[in-house]
Amino acid sequence: MAEVRLEEITKFYGSLKIIDKLNLGIGSGEFVTLLGPSGSGKTTTLKIVAGLELPTSGKLSIGGQDMTRVPVNMRKIGMVFQNLALFPHMTVAENVAFGLRMRRLPRARIEEDVARALDMVQLSRFSGRTPDQISGGQQQRVALARAFVFNPSVLLLDEPLSALDRKLREEMQIEIRQLVQKLGLTAIFVTHDQEEALTLSDRIAVMNNGLIEQCDTPAKLFREPATEFVATFMGVSNMLGGRATAGTPGVVEVAAGNGLLRFAVSRPLSTGRQVRLGLRPEDAIVETGPVAPDNDRIACRVETAIFQGSVVALGLRPMAAPDVVLHARVTLGATTEHMAELKAGDMVGVGWRANSVLVYE
Amino acid sequence: MMRLLFLGLVSAIFIFVLLPLLVVVVVSFGSGMTINLDPSTFTLKWYGVAVRSDLFRNALVNSTLIGAAAAALSTGLGLAAGFAIARAHFLGRSSLEALLLSPLAVPGIVIGIALLMVFSTVGLRDAWWRLLLGHVLLTFPYCVRTVIASLSRLDRSYEDAAATLGASRFAVFWRVTLPMIRPGVMAGALFAFVISFDNVPVSIFLADAKTTTVPLAIMTYLEWNYDPSVAAASSIVIISMLTFAMVLERLAGLKKVVGG
Amino acid sequence: MRRVLLLTPPIVVIVLLLLVPLWYLVDISFRENVPGRVTFLPGYSLANYIAALSDGFYLSVLGSTILLSLAVTLVCALLGFPLAYFLWRAPPSMKGILTLLVIAPLLISIVVRAYGWMVILGDQGLLNQALISMGLTGQPLRIMFTTTAMFIGLVHVQFPFMVLSILTGLERIDPLLVSAAETLGASRLRAVLEIVVVLAIPGIITGMMLVFTLCMTAFVTPILLGGSSSRMMTTLVYSQFNTAFNWPLGSALAIVLSVASLVLVSAFLMGARRIPLVRRAESAGSKG
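Chains as they are written, first to last, in our numbering: chain A, 1 to 361; chain B, 362 to 621; chain C, 622 to 909.
One thing to keep in mind: the hints can contain errors.
[Said to hold, decoys possible] Derived DEER-like restraints, expressed as beta-carbon distance ranges:
| no. | chain 1 | residue 1 | chain 2 | residue 2 | range |
| --- | --- | --- | --- | --- | --- |
| 1 | C | Ser754 | B | Gly484 | 51 to 61 Å |
| 2 | C | Gly684 | A | Pro71 | 45 to 55 Å |
| 3 | C | Ser904 | A | Asp193 | 31 to 41 Å |
These are computed hints drawn from the structure, not numbers from a lab.
Built from N, CA and C at the ideal position, the CB exists for glycine as well.
Generate coordinates for the entire structure from the input sequences, incorporating the hints supplied.
In structure tokens, the structure reads:
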């Protein structure tokens with residue numbers, strides 16, 4: 001286990017800038033996920049740490065040593081690839097033993113380590129099989145075992161679970177987390193799945209266009225997304241642009257179509273300022289029935305109401321601004337049970353507490 | 362370091378592969394049999410000699426006509442066989458396909474001597490017909506292969522759409538299927554022409570003094586002559602064939618036709 | 622019904638132009654020749670085969686044909702693999718052109734290619750000119766009309782077939798496997814040897830079988846580059862038909878050649894399959 005530090009890493013493909021002055025420090029034993037859409041540069045960053053790509057400029061250090069230009073086979077990293085890349089002509093045991101063989105360890109030692117690794121992933125019984133003779137989930141575990149058996153400085157995982165079905169995926173997420181913790185490995189995981197990132201990571205680095213927009217613990221990322229991009233990525237599906245009309249406390253008017261919507265926010269704003277507001281669907285407060293004129297809830301007509309078991313997802317059209325759709329997710333509980341009965345055409349009022357409104361300038 | 366060695370090896374191999382062809386073209390411009398790389402001595406006179414040679418001219422006419430005829434016949438046979446077999450699953454289909462492609466598996470020299478003996482016994486003495494029949498046998502398997510490959514790759518929904526729009530079976534074939542497999546079929550035809558043009562092991566047993574092909578003419582010439590007109594004739598062959606190769610690559614991808 | 626109609630012409634062509642002549646060939650090989658004439662004695666005999674298989678001269682020609690074919694096959698495999706690997710890893714923009722360069726010679730008449738080598742290997746050819754001007758030799762080296770010339774010519778002619786076979790096999794291999802091996806500590810060379818070469822074995826075997834067969838029955842290259850010292854079975858067959866007019870013997874020799882080729886190739890395949898590494902490579906490839 002070692003710490004990894006990326007300093008001012010930049011990568012160009014021809015004239016295309018893939019990664020732009022990226023800085024990231026990962027502590028020893030930490031599990032960090034690089035999260036972002038395709039094209040965000042997350043896989044390229046991982047490959048730079050692996051040594052499969054070289055940065056155009058910048059410095060990479062692993063365990064305090066400069067590894068920027070060290071050839072891939074001399075870094076002590078373990079990597080799990082998206083399509084696993086298990087050697088088809090070798091057995092499970094031989095696959096796992098490969099890295100140990102390359103390090104010229106004595107035969108007895110190799111056998112021991114392989115047996116231990118396979119035991120940790122519960123595949124001891126399958127050591128003599130070839131990859132095509134085991135299931136997808138088992139192949140995953142072989143790929144893992146192969147990568148950690150020689151105690152790498154850092155474990156790199158490139159979207160390894162994207163080909164698995166939902167249930168298997170969730171099981172593997174837990175297994176990976178436990179395994180990495182047990183071995184005390186530093187791990188860097190790449191994915192575009194926000195839920196996966198939240199499950200696995202100590203910290204998440206949200207990437208967009210070659211930059212890290214925010215790197216924080218899952219909780220902080222969720223509650224305090226630093227930029228609009230991160231907010232949208234984390235599920236803040238209501239993003240509205242408006243103008244501040246009052247200073248302290250701030251009030252923002254959103255003009256849409258012919259109408260105006262008003263939102264109170266908890267931070268001070270300079271009047272006239274253009275801002276973007278992020279409203280989390282889960283934070284919406286919904287009241288059934290028509291809205292009294294003095295109430296500061298927004299009167300809306302229900303456009304869609306989708307029952308999702310413990311939650312009902314609502315698409316609401318404000319009467320004052322029918323061009324806008326507001327998304328709300330109401331958890332069904334003792335006081336909110338009746339929300340499950342909502343259907344298109346019903347009238348409700350919706351609002352957000354000032355301190356739950358995200359403001360971006 | 363390793364990388365440089367490797368690239369060096371690969372370059373050397375490439376040179377090995379292309380050297381004879383380059384040499385032939387260079388010699389054709391030369392004034393003697395030795396390689397002379399001095400451009401000031403380049404001359405086109407050997408091209409004139411080659412073109413004026415009766416032997417070469419007759420051979421060229423024969424090779425071209427027989428090649429074209431063989432290509433046409435093979436294309437027809439290939440289309441017939443291809444349509445009968447492709448996209449069909451019936452008992453014995455793979456055996457039938459193997460049978461139709463079997464000439465590819467028999468050594469050229471064996472085909473040559475076998476045909477020679479049969480033609481002589483049966484009384485077919487005209488070298489022109491012997492050559493044509495022999496070349497058709499050699500080339501039509503390639504056409505079968507390309508037609509089957511083209512038809513397999515063709516998305517059935519185009520033909521289905523035409524049928525639902527009222528086209529008769531023949532109209533579907535003529536206006537939809539055929540035009541869509543045309544590049545592949547043409548590639549097969551071109552390839553058949555080239556195979557026929559270049560062939561020696563079979564042709565050498567079926568040709569005679571009056572009717573010969575270009576490769577055989579070059580061989581004959583080489584027996585008692587060593588001047589660059591051979592190089593000139595060969596260069597003409599090289600350039601035309603390379604042009605064909607490029608057209609083939611454009612039409613259908615060379616690897617698919619040659620490698621099967 | 623339509624299918625039968627469509628298939629009739631092609632099948633007729635095969636039967637009349639291939640099957641019947643081949644049957645005829647086999648039949649004639651069992652006849653006895655009337656010396657100097659293209660007719661045979663009535664009745665069947667094994668005389669030709671006995672001669673072909675017991676005469677020292679014929680056997681030695683068969684032997685040298687086999688040896689030369691083996692040598693050409695090995696060299697083609699050794700040179701073909703690096704080139705096929707290079708093409709496999711070439712960037713897509715260059716791949717087409719480079720592959721075309723390797724395959725295009727196939728479309729150029731074998732006579733022209735042989736002639737090219739005559740110009741290079743001749744007493745006053747390119748090679749000797751270069752060697753003499755570099756002072757590496759005083760007298761021109763005699764290469765033309767020797768086994769060496771045949772060897773070089775055959776390697777050149779068969780090379781594209783080997784490259785194509787190996788390349789086809791390589792295309793089925795996931796290039797990521799090499800990267801995976803490198804992340805596990807293998808040098809590029811080690812990764813290629815342990816992963817790529819092994820997984821390419823089926824393609825290499827196919828290539829070797831193909832090239833060997835083509836060499837055994839190669840005709841033009843040995844005649845043009847080997848001249849009278851060309852001790853190849855095909856030349857022998859040719860002279861039986863062209864000079865001696867001994868069709869029965871020529872046919873028997875041709876059949877002996879074909880059978881020998883088939884037997885050797887089959888033996889090679891069966892022998893190769895006994896090697897565990899080869900079996901593994903084949904089963905890995907078949908599921909890929």
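Structure-based check of each hint:
1. A C-beta distance of roughly 59 Å is found between Ser754(C) and Gly484(B), which places it inside the suggested range of 51 to 61 Å.
2. Here the CB-CB span from Gly684(C) to Pro71(A) is close to 50 Å, well matched to the stated 45 to 55 Å.
3. Remark: the range hint 31 to 41 Å for Ser904(C) to Asp193(A) is upheld by a beta-carbon distance near 35 Å.
In summary, this structure violates none of the numbered hints.
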